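**Student:** Keeping their order, the protein sequence lines are chains A and B.
Take the first sequence: its letter number 182 is residue 167 in our numbering, and every next letter is one higher.
Take the second sequence: its letter number 187 is residue 182 in our numbering, and every next letter is one higher.
Watch out, some of these pointers could steer you wrong.
Reference excerpt, derived from the structure (chain B facing chain A, CB under 10 angstroms, subset only) [unchecked claim]:
| id | residue |
| --- | --- |
| 1 | Pro108 |
| 2 | Gly110 |
| 3 | Gln111 |
| 4 | Gly119 |
| 5 | Thr121 |
| 6 | Asn128 |
| 7 | Pro132 |
Have a look at the derived ranges for each label pair, beta carbon to beta carbon [as the list claims (entries may be wrong)]:
| id | chain 1 | residue 1 | chain 2 | residue 2 | range |
| --- | --- | --- | --- | --- | --- |
| 8 | B | Arg205 | A | Lys240 | 56 to 64 angstroms |
| 9 | B | Gly37 | A | Lys117 | 27 to 35 angstroms |
| 10 | B | Gly199 | A | Lys62 | 47 to 55 angstroms |
| 11 | A | Ala173 | B | Gly199 | 32 to 40 angstroms |
| 12 | A | Val187 | B | Leu203 | 41 to 49 angstroms |
| 13 | B | Thr78 | A | Asp68 | 50 to 58 angstroms |
| 14 | B | Val67 | A | Ala173 | 55 to 63 angstroms |
| 15 | B | Gly110 | A | Thr232 | 32 to 40 angstroms |
The hints are simulated quantities; they were obtained by calculation from the structure and are not laboratory data.
In this text, all values refer to a predicted model and were calculated from it rather than measured experimentally.
Backbone N, C-alpha and C define an ideal beta-carbon position, used for all residues, glycine too.
Chain residues, written in single-letter form:
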Amino acid sequence: MARPGRMWIVSGAMTTHRTTDDLVVLDHVDKWFGQLHVLKDVDLRIRRGEVVVVIGPSGSGKSTLCRAINRLEPIDKGTITLDGKPLPEEGKELAALRAEVGMVFQSFNLFAHKTILENVTLGPIKVRGHKKDAAEKRARELLDRVGVGHQAEKYPAQLSGGQQQRVAIARALAMEPKVMLFDEPTSALDPEMISEVLEVMVDLAKQGMTMVVVTHEMGFARTAGDRVVFMADGAIVEEATPEQFFTNPQSDRAKDFLGKILKH
Amino acid sequence: MDDVTSEFDLVLQAFWLTIQLAALSGVVSLVLGTVLAAMRVGPVAPFRLAATTYVNVVRNTPLLIVFVFVFVAFPNLGLLVGTPFLLKGVVAVSLYTAPFVCEAIRAGINAVPLGQAEAARAIGLTFGQTMGNVVLPQAFRAAVPPLASVLIAMTKNTSIAAVFGLMEATARMRYFTNNSADDTVIFLVFALGYIIIVETLSAGAWGLERRWRVAR
Ligand SMILES: Nc1ncnc2c1ncn2[C@@H]1O[C@H](COP(=O)(O)OP(=O)(O)OP(=O)(O)O)[C@@H](O)[C@H]1O
Ligand SMILES: [Mg+2]
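If we strip away everything but chain A, and leave its shape as in the complex, we get (with noise of 0.2 angstroms):
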């Protein structure tokens, strides 16, 4: 379902501004795990706003793709862009990158050893260099977004997982990225905590913010989502509207992935 504001930015991306409107591409990318060839010519263009689902079944690379657009994982041949500026070797230039694209990992890796707050604030406070009161002001109003203000003296172990993962999107959220990449942001949770997840990151899209979402969530595809992208062995094997896709997939691996988990 694409806002109406998202349309036109799609379709002036289609005419004039393609380069300009495009925050992260990935040119003929592949990667490798030794003999493994894990991502296979990836071409992948996001747009400024864009909300893209990745779909996929186990091993088909999609975690390696999230992890090469901020260089979690280097990889090996072709290019990857971030709002016009190819990715930088690992260093203090590549650190300042990654402050600009959000990641919210399945395990949410909330600092342990930190209280809630200072998980938000600790990149802010390291990275962009704000002031302590600053940043906890901020951090406070993010918390209080997520839902989970009232927690922020508190260590992770002292949340349950939903309330974690919505830290983890806060954490994220308080560097102001250009970008957020969510790898199974919902797989480790308990039922009744997903939809408190996905509400968050439906509001964010909402709010126009450029997602990278790898999930099976097909409702959340369906609320949010502008594009689903499907990967098999390595491969984008198909794009198209979440609708479409759901509805009327084209490849044979498609529909054989989707046969699997719509019987569940």
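Take the given structure of chain A and dock chain B with the ligands to it, following the hints.
**Tutor:** Chain B with the ligands in isolation, oriented as in the chain A frame:
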């Protein structure tokens, strides 16, 4: 017995020297060991190689040999020539202890889930910031018990300094046993002194463990 009580000051002085030697060496080897551990897990290959080599070589060298190096070989090379005995002792004990600290901390680092460092890098922290703010604080917590063992062994290792003329506790004990009939009592007094130092260390480690368990 008379010797020990009448010359109680000498005993205290000796233990004070032992405590100084242990405390200074403790701090220096903790710092050096942490740096070595960071080098061993870091992304810079030459650093990794240098730290690994240092750890393997020194860990397989007897402490006495390290002392000989610091007290005899270094001055022959023009190093540490005018340095006071105490500081030479600190250098020797620290050079020897740092690899053990390094390995205890490295085990601690390996106990920190990989996702912690990834999350830190993902918000834009550099390698140094990731280590300093996220990985090492958690690694230290996991490393407290093995580090306590290392520091206890180090405290007892300071007694080697006696051989090189430092009048620390063990040297003073030998002085007394050479001059007294009641060796057993003297030995027990000095053993008790070491036990007090070591128990203080253990209690400190236990306190840290407990505090951090509550915090998490
Ligand atoms: N660090 C690594 N070293 C070696 N092989 C790896 C590594 N990480 C992933 N792989 C392999 O790369 C392939 C792609 O992995 P990836 O995690 O990207 O898949 P995925 O689509 O995210 O799967 P899942 O749905 O299970 O999370 C898999 O075959 C996996 O075993
Ligand atoms: Mg994955």
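**Student:** Quick one: which hint numbers does this structure break? Sort them smallest to largest.
**Tutor:** Checked against the structure, no hint fails, so every one of them is satisfied.
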